[in-house]
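The whole structure should be built from the sequences, with the hints applied where relevant.
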Amino acid sequence: MNKFPVQAGNEMRKEFRGVFDYRYDELNGIFGFVWKDNIVKMLSNNLDVLPLGCMQRWSKAEKNQVLFPRPDAILNYSTNIGSVDNLDWNINTKAENKK
1 MNKFPVQAGN EMRKEFRGVF DYRYDELNGI FGFVWKDNIV KMLSNNLDVL PLGCMQRWSK
61 AEKNQVLFPR PDAILNYSTN IGSVDNLDWN INTKAENKK
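Taking this note's numbering, the leading residue of the sequence shown gets 1, the next gets one more, and so forth.
No wet-lab data here; the hints were simulated from the structure.
Note that the structure is predicted; figures quoted are calculated from it, not measured.
Calculated lysine-lysine pairs in the DSBU-like style (CA-CA distance at most 30 Å, straight line): (1) K60 with K14; (2) K14 with K63; (3) K60 with K36.
The structure is reproduced here in C-alpha coordinates:
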(Lines of atoms letter the chains of each structure in order from A; the text may use other names.)
(Lines give C-alpha, C1' and ligand atoms only; values in the text may rest on other atoms or scores of the structure.)
Protein backbone atom coordinates (compact mmCIF):
# COMPACT_ATOMS: atom_id res chain seq x y z
CA MET A 1 0.00 0.00 0.00
CA ASN A 2 2.97 2.31 0.42
CA LYS A 3 3.31 2.78 -3.35
CA PHE A 4 -0.34 3.74 -3.81
CA PRO A 5 -0.79 7.48 -3.18
CA VAL A 6 -4.00 7.16 -1.14
CA GLN A 7 -4.72 9.01 2.09
CA ALA A 8 -2.78 7.78 5.12
CA GLY A 9 -4.53 6.37 8.18
CA ASN A 10 -3.81 9.42 10.32
CA GLU A 11 -5.35 11.68 7.64
CA MET A 12 -8.44 9.46 7.47
CA ARG A 13 -9.02 9.66 11.23
CA LYS A 14 -9.90 13.35 10.84
CA GLU A 15 -12.58 12.60 8.23
CA PHE A 16 -16.18 11.49 8.78
CA ARG A 17 -17.14 7.82 8.70
CA GLY A 18 -17.62 6.40 5.21
CA VAL A 19 -14.98 8.55 3.47
CA PHE A 20 -12.78 6.66 1.01
CA ASP A 21 -9.87 7.33 -1.31
CA TYR A 22 -8.79 5.07 -4.17
CA ARG A 23 -6.33 4.72 -7.04
CA TYR A 24 -6.09 2.36 -10.01
CA ASP A 25 -2.76 1.27 -11.47
CA GLU A 26 -3.54 0.64 -15.15
CA LEU A 27 -0.10 -0.81 -15.87
CA ASN A 28 -0.45 -3.64 -13.35
CA GLY A 29 -4.25 -3.78 -13.17
CA ILE A 30 -4.30 -3.27 -9.40
CA PHE A 31 -6.89 -1.27 -7.56
CA GLY A 32 -6.10 0.10 -4.08
CA PHE A 33 -8.29 1.99 -1.66
CA VAL A 34 -8.68 3.15 1.91
CA TRP A 35 -12.11 3.37 3.55
CA LYS A 36 -12.96 4.84 6.92
CA ASP A 37 -15.09 2.58 9.01
CA ASN A 38 -12.20 1.36 11.09
CA ILE A 39 -9.58 2.43 8.48
CA VAL A 40 -9.82 -0.45 6.01
CA LYS A 41 -7.06 -0.79 3.39
CA MET A 42 -7.49 -3.09 0.41
CA LEU A 43 -5.66 -4.05 -2.78
CA SER A 44 -7.42 -6.02 -5.50
CA ASN A 45 -7.07 -7.02 -9.12
CA ASN A 46 -10.75 -7.96 -9.32
CA LEU A 47 -12.91 -5.59 -7.22
CA ASP A 48 -13.87 -1.94 -7.62
CA VAL A 49 -15.23 0.87 -5.41
CA LEU A 50 -18.32 1.54 -7.47
CA PRO A 51 -21.22 1.14 -7.07
CA LEU A 52 -21.50 2.62 -3.60
CA GLY A 53 -23.92 1.05 -1.18
CA CYS A 54 -25.07 2.14 2.27
CA MET A 55 -24.25 0.73 5.66
CA GLN A 56 -25.75 1.37 9.10
CA ARG A 57 -23.70 2.04 12.21
CA TRP A 58 -24.52 3.36 15.67
CA SER A 59 -23.64 7.02 16.20
CA LYS A 60 -22.75 8.05 19.75
CA ALA A 61 -23.26 11.70 18.89
CA GLU A 62 -26.75 11.23 17.42
CA LYS A 63 -27.64 8.25 19.65
CA ASN A 64 -29.20 6.56 16.65
CA GLN A 65 -28.37 4.41 13.62
CA VAL A 66 -26.89 6.45 10.76
CA LEU A 67 -26.28 5.54 7.12
CA PHE A 68 -22.92 6.07 5.47
CA PRO A 69 -21.39 5.01 2.11
CA ARG A 70 -19.76 1.60 1.66
CA PRO A 71 -17.73 0.69 -1.47
CA ASP A 72 -18.80 -2.41 -3.38
CA ALA A 73 -15.42 -4.06 -2.75
CA ILE A 74 -16.16 -4.13 1.00
CA LEU A 75 -19.55 -5.75 0.43
CA ASN A 76 -18.02 -8.42 -1.83
CA TYR A 77 -15.22 -9.09 0.63
CA SER A 78 -17.58 -9.34 3.60
CA THR A 79 -19.96 -11.62 1.71
CA ASN A 80 -17.29 -14.05 0.52
CA ILE A 81 -14.85 -14.14 3.45
CA GLY A 82 -17.01 -16.59 5.42
CA SER A 83 -15.79 -19.65 3.52
CA VAL A 84 -12.15 -18.56 3.93
CA ASP A 85 -12.64 -18.16 7.69
CA ASN A 86 -14.15 -21.66 7.85
CA LEU A 87 -11.22 -23.10 5.91
CA ASP A 88 -8.71 -21.43 8.24
CA TRP A 89 -10.61 -22.71 11.27
CA ASN A 90 -10.65 -26.27 9.90
CA ILE A 91 -6.91 -26.19 9.12
CA ASN A 92 -6.06 -24.88 12.61
CA THR A 93 -8.32 -27.42 14.32
CA LYS A 94 -6.77 -30.36 12.45
CA ALA A 95 -3.25 -29.06 13.15
CA GLU A 96 -4.05 -28.85 16.89
CA ASN A 97 -5.50 -32.37 16.89
CA LYS A 98 -2.29 -33.78 15.39
CA LYS A 99 -0.23 -32.43 18.30
